[in-house]
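Colleague: What follows is the residue order along each chain.
2 protein chains.
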Amino acid sequence: MNILIISADNFEDSELLVPFYRFKEEGARVDIASLKRGKITGKHGYEVEANISLDEVEPDAYDALVLPGGKAPEAVRRSQRAIDIARRFFEKSKPVAAICHGPQTLITAGLLKGRYATCYKSVADEMKLAGALYEDREVVVDGNLVTSRMPQDLPAFMRETMKIIRKSGN
Amino acid sequence: MNILIISADNFEDSELLVPFYRFKEEGARVDIASLKRGKITGKHGYEVEANISLDEVEPDAYDALVLPGGKAPEAVRRSQRAIDIARRFFEKSKPVAAICHGPQTLITAGLLKGRYATCYKSVADEMKLAGALYEDREVVVDGNLVTSRMPQDLPAFMRETMKIIRKSGN
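Taken in sequence, the protein lines are chains E and R. Residue numbers are given in our numbering: position 30 of the first sequence equals residue 30, and the series is strictly consecutive. Residue numbers are given in our numbering: position 141 of the second sequence equals residue 311, and the series is strictly consecutive.
A portion of the hints provided could be inaccurate.
Non-contacting residues of chain E with respect to chain R, defined by C-beta distances greater than 12 Å in every case (computed) [to be verified]:
(1) GLU58
(2) ARG81
(3) LYS113
(4) SER122
(5) ALA124
Chain R is faced by these chain E residues, among others (derived, beta-carbon under 7 Å) [stated by the list, open to error]:
(6) SER14
(7) VAL18
(8) GLU25
(9) ARG29
(10) HIS44
(11) VAL48
(12) MET158
Taking lysine to aspartate or glutamate and the EDC-like style, the derived pairs with C-alpha atoms no more than 20 Å apart in a straight line are [unchecked claim]:
(13) E/LYS92 to E/ASP142
(14) E/LYS167 to R/GLU195
(15) E/LYS163 to R/GLU196
Read the hints as simulated data drawn from the structure, not as lab findings. Cβ atoms here follow ideal geometry from the backbone N, Cα and C, with glycine treated the same way.
Put together the whole structure using the sequences plus the hints.
Modeller: Put into structure tokens, the structure is as follows:
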């Protein structure tokens with residue numbers, strides 16, 4: 001199982017660390033990609049190593065894409081490379097899991113039109129404007145897409161994310 | 171599956187949140203017990219609700235005990251009630267999982283003599299003095315006891331903790 005997490009400085013710490021450790025518990029290889037390689041720091045001060053830059057990512061090498069929240073997606077969504085990577089996962093119908101502000105990158109990529117999804121409450125308006133079928137639930141699954149609202153939803157988010165990754169054969 | 175986490179202020183945030191969310195992903199009921207009921211705050215500022223006080227804990231109602239690290243165990247180990255609870259889990263050979271400074275409570279309880287275990291490096295000396303067979307590994311399993319050293323060990327810690335809980339029939 002090869003997982004790609006895309007984030008940047010000011011990520012919501014638990015929304016990156018909980019999936020990161022959970023995938024590793026499962027024996028997965030996990031790459032953390034950011035605008036450039038090196039340490040990124042969460043809102044609560046946790047540092048993690050972005051071991052690969054977005055430019056170096058080969059999207060087809062991964063089984064799933066995970067987009068944590070916090071303020072990081074504000075930076076990630078401005079990267080054309082991040083947008084292209086997200087689009088590639090959707091083209092291949094590979095699992096994409098986004099939580100809190102994470103779906104902002106998918107909004108910018110134009111990937112949520114007509115898709116059931118959720119997000120942090122302050123993101124709901126732009127999600128609806130992007131044509132998504134917004135629902136205020138702890139987790140929303142629509143095909144390859146899993147979305148959640150906030151850290152407290154992490155148990156449901158990870159349960160459904162693990163399920164669709166297993167279903168997609170990895 | 172009923173899980174008891176014992177902690178206090180200044181817990182190591184990821185060492186409490188990662189197990190907490192992981193058990194909930196599994197559908198478990200998780201109680202967080204502290205010296206008294208109410209919010210406890212981690213070193214990185216995360217707040218969680220201690221929904222039960224140590225005095226209210228019925229140890230036999232749980233399938234496993236989890237002891238996160240940080241500075242919290244310094245307070246927890248001074249509680250005779252916490253010591254008694256830990257001893258009860260060992261008497262019943264129920265799973266006990268402790269990480270980082272978490273094993274300090276088991277040291278004070280005199281439960282590590284002759285047991286293979288690990289802990290945060292600054293705790294190693296007192297662990298050896300308590301008669302434990304200390305090993306510097308990401309996870310050490312000895313019967314009902316799972317121990318790890320630090321946050322980066324959480325994937326191995328949770329993998330082995332889930333394994334012994336399942337093995338013990340829950």
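Colleague: For every hint, state whether the structure bears it out.
Modeller: So, going through the hints one by one against the coordinates:
| no. | hint | in the structure |
| --- | --- | --- |
| 1 | GLU58 | holds, 24 Å |
| 2 | ARG81 | holds, 28 Å |
| 3 | LYS113 | holds, 30 Å |
| 4 | SER122 | holds, 20 Å |
| 5 | ALA124 | holds, 23 Å |
| 6 | SER14 | holds, 5 Å |
| 7 | VAL18 | holds, 5 Å |
| 8 | GLU25 | holds, 4 Å |
| 9 | ARG29 | violated, 12 Å |
| 10 | HIS44 | holds, 4 Å |
| 11 | VAL48 | violated, 10 Å |
| 12 | MET158 | holds, 5 Å |
| 13 | E/LYS92 to E/ASP142 | holds, 15 Å |
| 14 | E/LYS167 to R/GLU195 | holds, 17 Å |
| 15 | E/LYS163 to R/GLU196 | holds, 12 Å |
Going through the hint list in order, the structure does not satisfy hints 9 and 11.
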